[in-house]
Amino acid sequence: MNSLDNLREVMRRDRVFDFMLQTTGLEVDLSHGTILYLEDISVSFDGFKAINDLNLYIDAGELRCIIGPNGAGKTTMMDIITGKTRPDKGSAFFGQNINLMQLSEPEIAQAGIGRKFQKPTVFESHTVFENLELSMAGDKRIWPTLTAQLNGIQRDKIDEVLEIIALQEQRNLYAGALSHGQKQWLEIGMLLMQSPKLLLVDEPVAGMTHQEMDRTAELLTSLAGTHTVVVVEHDMDFVRSIARKVTVLHQGSVLAEGSMDEVQADPRVIEVYLGE
Amino acid sequence: MAKLITWILLIIGITVVSLNPTYASGHPIADAAELLKSKKFTDKYRAIELLEAEGSEQAEKILIALQESRLYYLKRDKKLIILAPDAEPLTATNALTHEDIGPIKKSAAKKISLNNRMRSQIRNVLAMMDLRNPLADKRLAAVNQMLDNPSAESATLIQTLLIDEQVPEIREAMEIVIALGKLTSGDKNERLTAVAVLDGNIHPAVRNGLRKLQQQTTDKAFAADIKQVLDNIQAKLQLYSLVENIFFGLSLGSVLVLAAIGLAITFGVMGVINMAHGELIMIGAYTTYVMQLLLPNDIGLSLLLSIPAAFVISGLVGIAIERGVIRFLYGRSLETLLATFGISLILQQTVRTIFSPLNRSVETPTWMSGSWEINSALSLTLNRLYIIAFCLLVFGVLYLVLKKSVLGLQVRAVSQNRAMARAMGVRSEWVDAMTFGLGSGIAGIAGVALSQLTNVGPNLGQAYIIDSFMVVVFGGVGNLWGTLVSGMGLGIANKFLEPWSGAVLAKILVLVFIILFIQKRPRGLFPQKGRAAEG
Amino acid sequence: MRIINLIKHDRGGQLFLSVLALATVLIPLLNLLLPEGHPLHISTYTVTLLGKYLAFALLAIAVDLAWGYLGILSLGHGAFFALGGYAMGMYLMRQIGDRGVYGDPLLPDFMVFLNWDALPWFWYGFDMFWFAILMVMVAPGLLAFVFGWLAFRSRVTGVYLSIMTQALTYALMLAFFRNEMGFGGNNGLTDFKELLGFNLQADSTRIGLFIVTALMLALGYIICRAIVTSRLGRVAVAVRDAEDRTRFIGYRVEHVKLAIFTFSAVLAGIAGALYVPQVGIINPGEFSPLNSIEMVIWVAVGGRGTLYGAAVGALMVNYGKTYLTGALPEVWLFALGALFVLVTILLPKGVIGLMKRKEAQS
Numbered sequence: 001m002n003s004l005d006n007l008r009e010v011m012r013r014d015r016v017f018d019f020m021l022q023t024t025g026l027e028v029d030l031s032h033g034t035i036l037y038l039e040d041i042s043v044s045f046d047g048f049k050a051i052n053d054l055n056l057y058i059d060a061g062e063l064r065c066i067i068g069p070n071g072a073g074k075t076t077m078m079d080i081i082t083g084k085t086r087p088d089k090g091s092a093f094f095g096q097n098i099n100l101m102q103l104s105e106p107e108i109a110q111a112g113i114g115r116k117f118q119k120p121t122v123f124e125s126h127t128v129f130e131n132l133e134l135s136m137a138g139d140k141r142i143w144p145t146l147t148a149q150l151n152g153i154q155r156d157k158i159d160e161v162l163e164i165i166a167l168q169e170q171r172n173l174y175a176g177a178l179s180h181g182q183k184q185w186l187e188i189g190m191l192l193m194q195s196p197k198l199l200l201v202d203e204p205v206a207g208m209t210h211q212e213m214d215r216t217a218e219l220l221t222s223l224a225g226t227h228t229v230v231v232v233e234h235d236m237d238f239v240r241s242i243a244r245k246v247t248v249l250h251q252g253s254v255l256a257e258g259s260m261d262e263v264q265a266d267p268r269v270i271e272v273y274l275g276e
Numbered sequence: 001m002a003k004l005i006t007w008i009l010l011i012i013g014i015t016v017v018s019l020n021p022t023y024a025s026g027h028p029i030a031d032a033a034e035l036l037k038s039k040k041f042t043d044k045y046r047a048i049e050l051l052e053a054e055g056s057e058q059a060e061k062i063l064i065a066l067q068e069s070r071l072y073y074l075k076r077d078k079k080l081i082i083l084a085p086d087a088e089p090l091t092a093t094n095a096l097t098h099e100d101i102g103p104i105k106k107s108a109a110k111k112i113s114l115n116n117r118m119r120s121q122i123r124n125v126l127a128m129m130d131l132r133n134p135l136a137d138k139r140l141a142a143v144n145q146m147l148d149n150p151s152a153e154s155a156t157l158i159q160t161l162l163i164d165e166q167v168p169e170i171r172e173a174m175e176i177v178i179a180l181g182k183l184t185s186g187d188k189n190e191r192l193t194a195v196a197v198l199d200g201n202i203h204p205a206v207r208n209g210l211r212k213l214q215q216q217t218t219d220k221a222f223a224a225d226i227k228q229v230l231d232n233i234q235a236k237l238q239l240y241s242l243v244e245n246i247f248f249g250l251s252l253g254s255v256l257v258l259a260a261i262g263l264a265i266t267f268g269v270m271g272v273i274n275m276a277h278g279e280l281i282m283i284g285a286y287t288t289y290v291m292q293l294l295l296p297n298d299i300g301l302s303l304l305l306s307i308p309a310a311f312v313i314s315g316l317v318g319i320a321i322e323r324g325v326i327r328f329l330y331g332r333s334l335e336t337l338l339a340t341f342g343i344s345l346i347l348q349q350t351v352r353t354i355f356s357p358l359n360r361s362v363e364t365p366t367w368m369s370g371s372w373e374i375n376s377a378l379s380l381t382l383n384r385l386y387i388i389a390f391c392l393l394v395f396g397v398l399y400l401v402l403k404k405s406v407l408g409l410q411v412r413a414v415s416q417n418r419a420m421a422r423a424m425g426v427r428s429e430w431v432d433a434m435t436f437g438l439g440s441g442i443a444g445i446a447g448v449a450l451s452q453l454t455n456v457g458p459n460l461g462q463a464y465i466i467d468s469f470m471v472v473v474f475g476g477v478g479n480l481w482g483t484l485v486s487g488m489g490l491g492i493a494n495k496f497l498e499p500w501s502g503a504v505l506a507k508i509l510v511l512v513f514i515i516l517f518i519q520k521r522p523r524g525l526f527p528q529k530g531r532a533a534e535g
Numbered sequence: 001m002r003i004i005n006l007i008k009h010d011r012g013g014q015l016f017l018s019v020l021a022l023a024t025v026l027i028p029l030l031n032l033l034l035p036e037g038h039p040l041h042i043s044t045y046t047v048t049l050l051g052k053y054l055a056f057a058l059l060a061i062a063v064d065l066a067w068g069y070l071g072i073l074s075l076g077h078g079a080f081f082a083l084g085g086y087a088m089g090m091y092l093m094r095q096i097g098d099r100g101v102y103g104d105p106l107l108p109d110f111m112v113f114l115n116w117d118a119l120p121w122f123w124y125g126f127d128m129f130w131f132a133i134l135m136v137m138v139a140p141g142l143l144a145f146v147f148g149w150l151a152f153r154s155r156v157t158g159v160y161l162s163i164m165t166q167a168l169t170y171a172l173m174l175a176f177f178r179n180e181m182g183f184g185g186n187n188g189l190t191d192f193k194e195l196l197g198f199n200l201q202a203d204s205t206r207i208g209l210f211i212v213t214a215l216m217l218a219l220g221y222i223i224c225r226a227i228v229t230s231r232l233g234r235v236a237v238a239v240r241d242a243e244d245r246t247r248f249i250g251y252r253v254e255h256v257k258l259a260i261f262t263f264s265a266v267l268a269g270i271a272g273a274l275y276v277p278q279v280g281i282i283n284p285g286e287f288s289p290l291n292s293i294e295m296v297i298w299v300a301v302g303g304r305g306t307l308y309g310a311a312v313g314a315l316m317v318n319y320g321k322t323y324l325t326g327a328l329p330e331v332w333l334f335a336l337g338a339l340f341v342l343v344t345i346l347l348p349k350g351v352i353g354l355m356k357r358k359e360a361q362s
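Chains as they are written, first to last, in UniProt numbering: chain A, 1 to 276; chain B, 1 to 535; chain C, 1 to 362.
The set of hints was computed from the structure by calculation and includes no laboratory data. Even for Gly, the Cβ is constructed at its ideal location relative to N, Cα and C. Accuracy of the hints is not assured; some may be wrong.
Stretch by stretch, here's where chain C covers chain A in the computed footprint (C-beta under 8 Å, at least three residues) [what the hints assert, rightly or not]:
id : region
1  : 43-55
2  : 97-109
3  : 114-125
4  : 131-137
Chain A on its own, in the form it takes in the complex (with noise of 0.2 Å):
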C-alpha cells in the first residue's frame, strides 16, 4: 500500500518538474490577532520615494479604511502588499508566519489575499458566471484547471455570490456589457469566490450612483470580520459611513490613526489636506 502511495507520488503529472509544486498550502497563522506587518518598508522610483519608512498593522477581522491625498502612496502600498512592486527595504508579513516578499502575486493570491483594482478589471470576454467561475478558490495548476468540471457546491457558492453582488439577472451576460458600478460589483465578488482572509479593496464606489454606494458600504461592512478588508478610498463621506479606524497617508507613511472623528480633528491631517 506504501509503495503504491509512494509510485503515485511519483507518477503525479505535476511533479515532473518542481517550478510546478505548490509551494503555499500554507494556512496562515494569525495567533497574534495581527492579519498584516508592513515594518520599515521604502521604495522609490527615479528617486521619488513613493513609500518612505511604512509602518502598518491590520488586525485580524478589522475594517480598515486608509485615505490620504493623491501621491500619498496607498495603490503603490497594495502593489507592495501584493506582490506587483518590490519594496527598496523593509519586511511585510501576512499573519505570523507568511513572508510576503519571497511570494509571487499568484503565490500572495493563493495564500489568501485578495485585490480590487483601483479600475475595474474583470475579463470582458467571458460571462458574469464565468469570471466567478475563474476566481474561485482551488487548484489553479495547468492539469487540474484543463480538466476541472464544476460540481453542484460550487455552483451553489457562485449563486450565492452572484445574490451578495446583486447580479443574478446579468450572469449570462459578457462583462464587458455590464455597467461601471456592475463591474465594480463584479470584482468584488471575484474577490469573493477566492475566500481570501484579506481584501484590499481600492477605490469601490468610484462611478457609482448613492444607491449602489450604500449597497457597497453594506456589503464591506458585512464581510468584515470573517473576512478582513482594507478599503482605500477617496470619498469621504464613504468613508464615514464605514469606518471603524482610519489610517491617514502622506508622502509614503502613515501621518495619523483613528477613528474618523480623531483622524479628522487632526491638525496636521487637516494641514495636509487644506493646506496653511
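Assemble chains B and C onto chain A, guided by the hints.
Same frame as chain A, now just chains B and C:
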C-alpha cells in the same frame, strides 16, 4: 617656294636635334656606349660607372635595358640599340639618339652580354640613382624597396645619403634601413644600438630582420633582447589591430544606429511598431540612386543633395503611412505590426516593379573613397569614417530637435500624456504625423548612408529591420542615448566576434545574446523607470 | 461522447468538420474512380496541393490558439513548423539509404559532398520512424518551452514578445543556412524516396498523405477545441484580456502561457512534418520571417479566436497565393500586402466575424 621648304626643313631639323640629343665622342654616354660593346667585362664595369656618374635619364634607360637584356648593337653599323620589351615584331630605338629604328630582325643585332657582378652593380647603381632622384616619391619608393631586402651594403649606401635628405618620412625609412643593415654587423655594440633603434617599429621588414637575427645569433642575452623588442612590436601591432577592430565596430555600429534611430522615435517615443521602417530606409537609398541618375557628372553634389531629398521623400511616405493606416490602429500595437508589414511588402514590390528586382550600385564620390593611412599597420577607410561622423551628426541634430524645439516638446508631451497634451492645446494628430514623418525621414537619411556601403536593392530594408528593432529594444525603448550606446556596442561586439566565429555565427550569437538579455532585463539597457513606464 | 459535447454549441466547428470529412472521402474517390479526362476528376497534383493547404490549416489553428486565445502574436511559428519539417526531412533523408547520388549507405548526399566522414550525433535515431515523430514534437516543443520559460517569466509581452520571436526565427534561419550546421545548408533536405516503405512519388502514397493530413487537422481542431472550452481555455482568454487580474486571483500566468504556447508549437511542428513529404523539400527559407508573419495573416483573414476561422483563412489565402503566383506573379505581393492592411483595419474579426455580423443583421 623652295626657300620656304628649306626653312621648314631647317626648323624641323633643329627641333629633331633638340629633342634627340646626340652625344659626340668624348661625352660620357658615348664613351660608355663604346665600352659596352667591348668583349672585356672590365670595360663594361667601367661603362656602368661612367653611366652612373653621368646620371641622366638617358643613362638610366640604358642601364635598365642592359639589366633586362634588351641592349643590343647592330652588327651592320655597331649602333647601340634598345629593343622594346615584348614587342612583336621586334622594334628598336637608338640607345643614344632615341631615334626609332623600326622593326628589325633578331639576327641583325648582337646582345650586350652581362654577368652577375654587372647585374648587382647595375642594381645598386639604379637604386642609387633613384635615391638621388629629385622627386621625393621616387626616393621614398627606392628606400622602401631597400627595406624589403636589407643588407649591410645598402645600409652604408644610405648612410651617405641621409645627411642630405630633408623629407622626414624618407629620413625615417632610411634610418630603418641603416639599423637593419647594422643588425648584420660584426660589432656587438653596433648590433645592440641597431636593435634599440628598431624597437617599436612596425614595418614588416623590421620584424623579418629581427627574426632572422634571432635565429642566427648564438648570444643568449642578445637573443632575449631581440625577443623583447619583437614582443614590443607585436604588442603595438595588437594595439593597432584593436583600434582597427573598434573602428570597424564603430562603423558597423553607426550603420545600426542610423537604421535604428528613426525607429527609436516611432517605436520608442510614439510606441508605434513600424515594420515598414526598413523599406523607408530602402526608399532613401533609391533616392540616392535616382539623384545620381539625374546628376551623373557630379557624384559628390548628388550625394549631398540626396540627404535632404531622402529625408523629405521618406518622411512624406512615412506621413502617408501614418495618416492612411496607423492612425486607425492606435492602441492596437499587434495589428499595427501586421498592417505595417503589409505596407512593407507593397513598398518592396513597388520598387521591384519600378527599378527591377536587381541590385543597383550607387557610386561613391572620390572624396569618400580611399583610406586614411596612419601607418603601415593601421589605415581607416574614408567612407566608414564619414559614416561614423555622419551618424553622430544625425544623432546630435535629432537630439537637439527633440530636446530644444517646439515639436520636440510637443512630441514628449503627447508621448507622456496624450489627453493632457490635447487639453493644453497640442494638436496631437498633427504631432503624431510630424513625429512619424521625422522618424521616417531619418530612416531615409540612413538609406543614403547605406547606399554608400552596400548595393541598393528591394531587399535592403528587410536586412535591417530586425537589427534595428534589436538595437532599440536592447538600448531601452524611449531612450535615444540607449539606442546610440546599444547600436555602437552591438557593432563592436559583432566585429570582435567575427574573427573567431565567422560573420554569420557572430550575428546569430549577438541575436541570441539580445534575446537572453531581454529576458533578464525586459526594459533594455537604459530602462525608463517609474509609474509612467509601468502601464 | 465528449467530442460531441465539445462541438455541440460550435456551429462553425460542426460545419468545418463536416466539410473536412466530406472532402477527405470525396477527393480521393474523385481522383481514383474517375478517368483522367472526366470534368470532375481531381488530379493527384491537386490532391497534394490540397494536402499542403490542410497542413497549413493545422498550422493556422496552432497560431490561432496562441494568438486568438492567449494573446501571444508569435512570429516564431514558422520556426516551429520548419523544425517539425526538418525532423521529418531527416527521417526521409535516412530512408534514402544508398540510393543517393553518391551511394553512401549512411551519409546523406550533402554530407558526402562536404567531405564529412561520419554522421553527426544529432542525426542518430532518425532512421526510426517513431523517433522522428517524437522529434517532430520534441524539437519545436522544447524550443518553445525554453524560449517561453525565459520570456514569460520575465513578463515580456505584446509587441516585444512578437519581435523577440521574430529575432529567434531569424537567428535560426541564419543558422540553418550554414553548411556547418549539418542540415544541408542552403539547399536543405530533398530528393526523398519513400516514407515507411511507401514510394513518395506514387499516387496512392500522395492520396494517403492527404487523408492523414485531413485526419490530423480534424484531430488538431478537436484537441484545440477541447482546450479552449476547458477552464484552462477560459483562463487563457483571461490572461489575454487582463493578465494582472488573472495573476491576482491566483493563476500562475507564466505556466498557463507556457503550457499553451508549447502545445501550439508542437502542433505547428506536426503540421510541418505533414507538409514536408507532400512538397518533397525542406530548406531554411521556411524559417524566413515573412513566412511566420504570413501565417498570422491567414488567421487574421479567417478570424481569430474561432479556430475553424484560422483554418478557413489558411485555405483561402493559400488558394489565392497559388492562383496569383501562377497567373500574375507580380501582383501577389501587392495583394498580400493589401490583405495585411485591409484585414487589420476593416475586418478585425476576419471573414468569419463578417459572416456572423451579416447573420446577426438578417
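Structure-based check of all given hints:
Evaluation of the coverage hint for the region 43-55 of chain A: breached, as 0 residues show C-beta separations to chain C shorter than 8 Å, against a requirement of three. Residues of the region 97-109 of chain A with a Cβ under 8 Å from some Cβ of chain C number 4, which satisfies the need for three, so the listed coverage holds. A count of 8 residues in the region 114-125 of chain A with a Cβ less than 8 Å from any Cβ of chain C is obtained; the coverage claim is therefore met, three being the minimum. Counting residues of the region 131-137 of chain A whose CB lies closer than 8 Å to any CB of chain C gives 4, so the stated coverage by that chain holds, three being the minimum.
This entry does not satisfy hint 1, going by the numbered hints stated previously; all others are met.
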